[in-house]
Each structure stands twice: as structure tokens, then as C-alpha cells.
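> For reference, the chains in residue letters:
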Amino acid sequence: MSSQDIPEENLPTAQDTAPGSVKLADEKNPFADPGLPPHEHRIQDLDERAAKRSERTVALLFTVSMLATVGFIASYVTIPVDSSVYIFTLGHISALNFALGMTLGVALFAIGAGAVHWARTLMSDHEIADERHPIEASPEVKAKVMDDFRQGAKESVLGRRKLIRNTMFGALALFPLSGVVLLRDLGPLPGTKLRETLWSRGKLLVNMNTNEPLRPSDIIVGSLAFAKPEGLDEHDHGFMTEIAKAALMLVRIQPDDIKDKQALEWSHEGILAYSKICTHVGCPISLYEQQTHHALCPCHQSTFDLSDGAKVIFGPAGHALPQLRIGVNDEGYLEALGDFDEPVGPAFWERG
Amino acid sequence: MSTATTPESRSRGKAPAGEKVADWADGRLGIYSLAKANMRKIFPDHWSFMLGEICLYSFIVIILTGVYLTLFFHPSMNEVEYHGSYVPMQGQLMSEAYKSTLDISFDVRGGLLIRQIHHWAALVFLAGMFVHMMRVFFTGAFRKPREINWLFGFLLFVLGMFTGFTGYSLPDDLLSGTGIRFMEGAVLSVPIVGTYLSFFLFGGEFPGDDFIARFFSVHVLLLPGIMLGLVVAHLILVFYHKHTQFAGPGKTNKNVVGMPLMPVYMAKAGGFFFLVFGVLAAVSAIATINPIWNIGPYRPDMVSTGAQPDWYMGFSEGLIRVMPGWEINFWGHTLVLGVFSPLMIFPLVLVSIAVYPFIESWVTGDKREHHILDRPRNAPTRTAFGVAWITLYFVLLVGGGNDLWATHFHLSINAITWFVRIAFFVAPVVAFIVTKRICLGLQRRDREKVLHGRESGIIKRLPHGEFIEVHEPLSQEQLHTLTAHEQYKPLEIGPEVDENGVRRKVKMSEKVRAKLSKGYYGGESQIPKPTVEEYKEISSGHGHH
Amino acid sequence: MKKLSARRRHPLAALVVLLLALACTGGLYAVFAPADKAQADETAQSLTIEEGKKLYAVGCASCHGTGGQGSSDGPSLVGVGAAAVDFQVSTGRMPAATSQGAQLPKKPSTYSQAEIDQLAAYIASLGAGPAVPTEEQYGPEGADIAKGGELFRNNCAQCHNFTGKGGALTNGKYAPDLEDVSPKHIYEAMLTGPQNMPSFPDSTLSEQNKKDVIAYLHAVNSDESESPGGLSLGGLGPVSEGLFAWVFGLGALIAVAVWVAARTAKAKKS
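Protein chains in written order, with the working numbering: chain A, 1 to 352; chain B, 353 to 897; chain C, 898 to 1167.
For the record, the hints were derived by calculation from the structure and aren't laboratory data.
Wrong hints could be hidden among the right ones.
[Said to hold, decoys possible] To give an idea of the interface, some chain C residues facing chain B are shown, with a C-beta separation under 10 Å as derived from the structure:
#: 1; residue: Ala941
#: 2; residue: Gly962
#: 3; residue: Gly964
#: 4; residue: Asp1041
#: 5; residue: Gly1045
#: 6; residue: Ala1149
#: 7; residue: Trp1156
Even glycine gets a Cβ: it sits at the ideal position worked out from N, Cα and C.
Here chain A stands alone, though its shape is the one from the complex (with noise of 0.2 Å):
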């Protein structure tokens, strides 16, 4: 499809009639372009007082701008850096970023306005028009160019030398390729490390906010709390990873109330723990309504309801919360009875 395509007609007529060509046209056509209208005078340009003012105006600002940063020079010297003010609607703020802030503010501002009134007030203001000119070259330097070219294609022998050609685009087509080998080592293979967490039978849960293994007892009905793996320690160099994946959310809802049967069976006399993370994109979940028993996530509003084995019930996420199975160990604490049977966090490709 190309421009020749449309009809001259089409376009509309041009729309500039040249300047001057109008006063002989003036009484056919009323809305003709009667040209630049004559340059007025400013009060500046014809009253040497006014000028004048002018000029102590811009001088006025331009030493306020010094004076303004000998006060960011003395601010930045003489206050300490965590000293605090108290500003009227602004609050208790840091005296020093305050301080430097204003006087560079006035500053820098002081010179552009400078500048600017004395740019209006005092400089030419007479409009001019300046020409412009086609950017298309003229078909003769198009000419000229063509022919450079076919004489310079010619001279290169690169249309009669096939085997040159092919080789040339071969090798130009396959070097990149190092650069992208060399991207290889970024990082490992996923094999199966996002289908496993540090949960496996006997793993002890342990309440993120005490570090104690946690009693059934310890979790009552309307509660919410978070454990992690037992061995887990935010001191551990994986600690971030494996919280990522292992970081767990514990409620407590009468047996009766869960609707799930599965939920049911995998949770301790009510005790449900789901992961922390959301299957939408891993933010961790835990606005949880005690009396719905929705969860919601903070981030894309995804709920979840925890007392129906954690269904989606609105928002992006696209599945349910993976459960983790639970029981009470010898000595009374709850324990993981496996890692979760499904992978937690977002879906992948891999996931089925």
C-alpha cells in the first residue's frame, strides 16, 4: 500500500499561502494569512527606568542564589546530621535535609529565574521566522547517491563473488553465538529445587516470633501464627531461599467448620498449616479474617478461603494454597508429617 495509491484530490489543498502574496488577496480572501503582526514594544524597550528595574531585579536574584548557597555551605557545616525540627504541617523532619534542600532549592532557582526575566524583559523580543527547507534531498543528489552506491557495490565484487558473500554472512550470523553461550552460567538449572522444601517428616514447627517448637496448645481458635522449619536460622547463609519456600501460616478452626475433607484430615484437631506463600506471583499471604476464615493477599487481593482447604475464592491466583500435613510428635510438639505434596509459590510452566 503506498501513497500513490490515494488520489491527489484526496489531500486537502495546501494550506500556506506565502506571507506578502496576501495584501494583494485580502479582499478575495478573508482568511488569508495576513502575515507576522508588527513587533510591539515593552515597557522595557522604551522606558530606561523600567529597564532598569529590571536589571536590579535579575542582580537582586542572582545574589540571593549566593547567598542561598553560602547558607547550604553553612547548613551542611554547622547541623548535625541527626538533629530534628519541628515544621508546621510538615512534621518532625531532619533539620539538615531541610535546611540543604531549601537553600538549593532557592539556589538553583534563583538563577533560572534570573536568567529567564532577564531573557523576557531585557533581550531582543522581536520574532523572527527562519525558513525551512524540504528534507527529502532533490532528485539530483539522489541521483548522485544511487550511483555512488551501484559504482561503489560494483567495485566491491561482492555480487559476483558468491562464495565470499555466503561465507561473510555465515560467520557475521554465527559469532553472536559465543555471546550467548557465554550467558550460560548466570545460573544453574531448575531441576526439581521448586517442587522442594526444608519440610520432611519429624520437622519440628517453630514459631517465627519466639523461635519455640510450637504445643497444639499454643494455638487457639482465632489465632494466626507463622512458623518456619526447625534447623532454620536467620543467620544461615540459604536462609532467604529456603524461607521463600518454607515460611508457613498456622490457624486454628473448629473441625467442625472446615469444609474440606482433605484439609481436615491433614490438619492436627483443627490446626490447619498452609504456605505463607500465594500461588499468584509469592507474595506472602496472611491477611486472614478469623471470622470468614479468608485470607487475603496484600498485593493482588487474591482470597483465599483457609476453612475450604484454601480455595481460590476471588483475585489472580489460580489455585489453592498447598497444605502441609501435620501431627503432634512424642513429646506433645507439632511436627511436619512430609513436605508439601504440591509445589508452593507461583505456578510454572512445569508445574502440572
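Given the coordinates of chain A, work out where chains B and C should sit on it, guided by the hints.
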């Protein structure tokens, strides 16, 4: 030329020092030829032509402050214990990146100010680009010969978004970490290669030890480097094309009317840089931004409500939040449509505005250069499309902040989500129709004004008792300005059967184009501007009402 | 209950409550003052419960049942403890109107502290539950602000935001801003889990933990908390920052641009 003048000036030996330096530079750089073309370059005056300057200067401010921040920031994820001067963090475990950001905020004098200027400037930079882009869009400044520069500008906007996002992630605070976690989830949702991409990006499982250092080099080197190149190219093209101007007396498609670069714009544009920097510094003194000390260090098992990205990513957040949770499982694989579809719609939203100029030029078939800007009302379909796009963008922003809308307007978050889901489809259509009508109404008013003059508000009683309002005729300047715009005729494909009864093959694309052309320029899409004959007929009679 | 809620909006309601409270205090004083100290304690206790029962019958029984056993309009109060009563009544959430929105907002309480204590004593006598915390439990002594911050981010911030500015829950419910909530009420809320908030009993969030959380909240979300960088913009994060950048950042710059590009005033033609 220099051969003739140099011996002469040397023989005199009296050339001022500045001239000598200029001569020296010219001998090596050819600055005189460059200055000849550009020193008195004309720029038209209009406030909306300075929006791009706001972007340029905030970009420079970002680079200056950013360099300062790199002197103190440690892009490392090593876990350390905090023992700095901020009491509510004493003894907390955090990454070095977070700790060094706390140090910049509390121990480096002026560090907090520079950090805040950097971040505020980034928000203003993106907002400025958005408004600048809309100015260019609604005035039709993207038309030939400026399509490439439109694309450069668009690329700058997109790259700016990602540079901002990577910068937002660097302090490794709880909010930015949540954003990165979202990104990991989004990457994982990509079919087939998602998990591999994620593992390569994070150097293994999320969060790993690598991503801060990697994002750092992307944020300070790769993206700003590309952006700097694009900014230079953008500016060179602005100089080369010369600025557009609005229609008016003496302003034609073949000239540009305004003030010269030297001295007026040197002072105005140079001064404007200081004004922009000054305003940003003052804003940073007054208002805090991203107070990471309140947000806390990142831990993948912690989160806060109100987890949002910076505003320019807000529309993608909206897409993610309102998408239903579709997930398809088949043959042991999962297609995570709930995450992957927003990920695909996100670039589509952006690209739809970027390709618009090419669609319009295809429909009009107009290959001429355009240097006179359109008033938005005179291009109703374009204006309506632009407003529809902005409406969509805004609806998604509402979706991205749905939790705050809920708490501040006492609404249900679920209701807002449903509203956004419906408005995503309906609101742009409504906006399109309404805008087009408003444009046509304004065109009608312009036409009235040209033919009957301006309503003066003076009521006159005629001898026979009738009251009329006096209409003042417009000056020739005003008449010209109001009638200077071009009006296209809709494209006709012509009869499909020619005079010999032979069926002519009309290509599908040709039919689509004719349809679009009719939509753009048909009788219902523009009010014919008054002709000279109409004007004369009315003004020669006495009926001024 | 309905009658009370209708009448308490009466202009004279506050006066009536005040007079009642004064009469109660005066009456109680008249009863206790002459009595022996040890005897007084016991009598006082049973008297308090008695008074609480009366208040309960007027203000609460219509929904929660005559013996606190609950009804279709209100949950059972057996075992909720004095802490729950103190929180609900002194933050004005209880007694509630029967027709209510998604959740009960905080409002001025219609009961005096003495009456609340009587009510609490009565409810506590129905079944064991958490007691009203003492100043020692929620006071600032011995609190670790930094630890409190970590605990807050782990247990509370997901609903109440980083610094306790509040946030949205499902279907119009919300977690309120904690700025002007007294330490005692924060403690009671953690202990008892009012409305949809889950509880954090001492077994999962220890007494010391609660103290730390309260100290952290005081440090970051009270009239005395510092915001070193300037205006905190509600502490709501990037949304309010974006709004501010558009309105005051870009807005100011566009205003400046209009000035830079405007034509200078021309001399008047004479």
C-alpha cells in the same frame, strides 16, 4: 575561509582571548560551521513545548544525583547486622544494599537529600515524558517527518519505566523486594522457558545472592547508557527538523517563527534547567519519598499491605490485580494465564499508542511534511483515540491502587476490582464517543465564530423592539488561525464494477482503509470549515446573528 | 439496646452519662467508705460484678443473650475475658447498632471507665479469659523497638501497613490506622483479636513481643514520630508519592514553564 582570515588575525595579534580559543577549536572541530546553522536557530514560544525540557533536565538531575549515590551505595546482598544511627533498626539483619541505603539516609550529610532528589526526579521524569508524549500526540506533532523521533521518545518512556523499576529494587527494602518477587512470579509464568529464565535472572532460586548486583549494573550502566544515546538522537532530530508551531498569522508550513537560540533560548532553556533542579530540590526538602527505614529490610516471608510499584508501573499492577485467576493444566504442564496474560497485555497497551502515527498516516495516505500543529478538536478521531487510551491507562491505575481506593473512599475492594474489570472494556469506548462529540461541538463553535463573529455579550434593542446580541466580527488574524487547519476527504474505493461491467478486484486492506478513512473524515467525523463564499455571503448581508 | 443506641445520640446523652457516672461513683463511695479494707475488697468485687450485670442487662443482653451465651445477633461472651470487653466498649465499638456496615468503626465510648470495669468484671466472671493488661505490660520500659519492628512486619504489617497506617480487607472490611490507638488497646487487640483480626495469644506472641510491637508503633506512628525526609504523605507508599509527584512536582514545573514561555507585557499604546 580560514586560510584567508588566519594570517590576517595573526598579523594583527589583537584577537580577544575568547576568539582565539574559538579559532583553535574551529580548526579541529569545525565549530563555526556548526554555529552558523544553529546559533540563531529559531524556537517558537509555547508552554507546552517546554514539557520535553522538563524531561531532559530531570534526566540530567537524575544522572548527577545518581552518580553521587553510587559513591556510597553497596550493591551487595551479603547479610549484615545493623549498628548505625537509626535506632528502630538496631541489630536487625539486612543486606549490605539496604544498610548502605540507611547510611546514605542517616549518616552521609546531604545523602538523604540527594536520594530524595534522585527519586522525586525519576517520578517527575516519567510524568513529564507521559505529558510530553500526550502533547505530541494530541497536536499531531508525530506526523512526517517526525515519526522516528516519536519512536525514540516512546522508547525513552519505556526504558525510563524499566530503569525506574530496577532503581526502585536496589535498596532491597521490603517494598522493593515484594516487587522483585512479583517479577519472579511473572517470569515463572512464561510458558516453556519461564523457570529457566527465572533461574538465570536470579542466579538460582529466588532471591539468591545475585540480583541486586545484576540490577545495579542494568540500572546504572546498561539502561541509562541506551537512554543517553536516545536522548542525544532525539535532540539532534529536534534541531534538524526544527520545532513545530501552532497556526497563526505569519506562521506557515515552510517557516518557523520565534526567538533565536542565542541569546533568548540560551537564557530561557538554560534558566529552565536551574528552575527544574531548584523545584526538585525544594520538593525533596519538603516531602519524603520511599522512606526505606520505615519499610524495613526485605524478607521473602514478610509483606505489608499497600504494596505498590512507583506510579509509572501502576497500570501494569492494575492489569495483574484485576485479571481472573485462570490456569490451565494439561499433559503435566501448567499454562498460567492469570499471570501470563497481563504480562502480554502490558506491552500491547504501550505499543497501541506507539504505532498510532503509522496507522493514521496509512489511512490518510498523506506523505507530505507537517510542521503546523493541529488543534486537538480538528482531529476528532485521533483526539478521541488518545483520550480513550488515557482512560484505559487511568482505569488500570485505579486497579493498581484498588486497596487504597477501598480504604480512602470506604468501598469494597472486590467491588473496585469488578468495576475495573468492566471499565477496562467499556470506559475507553465511552471516552472515545464522548470525546469525538465534544470535538465536533468545538468545531461547530469555531465555524459559528468565523461566520458570525464573537458573541460580545452586549444586548442591543432594535428600533422595532427586538433584542439582539451584538456579534463582533473577528480580525483577519483570528479568521486565518481558525481556518488554517486542513480537512481530508474520505477515501473512496470507487465502484467494484467498472464501466465495462468487469469486476475489479479490491483488496481487503483497501476496504479496511476506506472504512477507516470514512470513520476519520466522513460527514459525521468533521464539520466542514467555513468557505470564503459562505463568509462573504453572510458578511455582505446585514444578518449578524 | 436499640433504645439506648437511639437515645445516646440525644444532645443531653453525654450529660446523662456523666451524671450517672458521678452518681455511681458517689454511691459506691458511700457504700465502701465506712467498710473495713479487707472486707471492702471482696464486697467490692462482688458488687462490681453485680453492677456490671445490671449494665450488661441494659446495654448488651439484647444481642449477646441474658447470660452472655450469645444469640443470632451477637456471639457468646463466655470466656472472651475482661480484655475483650475493655477493648470493645472503651473504643466505642460496643454496644453496636443492629444494622451495621462491613465492620464496626471506632467511636467515642458511651461508658465511663468505671462502668467498663464493671462490665468487664461481669463478663470475666462468666468464664476465664484474658485479663485487662497492666501498664507494666504495655509500657515502654524494657521494650526493644527494632525487634518490635521485625515482629510488626511479620505479624501485623500485612494488614496494618509498614507503620500501622491501615489497609483494606475483603468486601469493605479494613484494618484501621493505629496512630491514635492507646497502647493498652493495641495490647488488648493483639490478645483478643477483635472482629476479623486474628488473636496473637501469649503462646505465639509473647508478652515481651507485644511490648516490643507497641514500642515500635509508638516510634513510627504517633504524633512524636519523626519523618526525617519531610512530609510523610500519609505513609502510604508509592501511590501517594506518585500523586504528589504529579500534582506538586510536575504541576509546579508546568506552572514555571507557562511563566517562561509567556509573552512579556507590552507597553500600552497611548
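> Each of the hints needs a verdict: does it hold here or not?
Hints versus structure:
1. Ala941: At about 43 Å, which exceeds the 10 Å cut-off, the nearest Cβ of chain B leaves the hint on C/Ala941 violated.
2. Gly962: C/Gly962 check fails; min Cβ-Cβ to chain B is 31 Å, beyond 10 Å.
3. Gly964: 36 Å, violated
4. Asp1041: Status holds, d = 8 Å.
5. Gly1045: C/Gly1045 check passes; min Cβ-Cβ to chain B is 8 Å, inside 10 Å.
6. Ala1149: 5 Å, holds
7. Trp1156: This hint holds: C/Trp1156 lies near chain B, its Cβ roughly 8 Å from the closest one there, short of 10 Å.
Taken one by one, the earlier hints fail for this structure at numbers 1, 2, 3, listed in ascending order.
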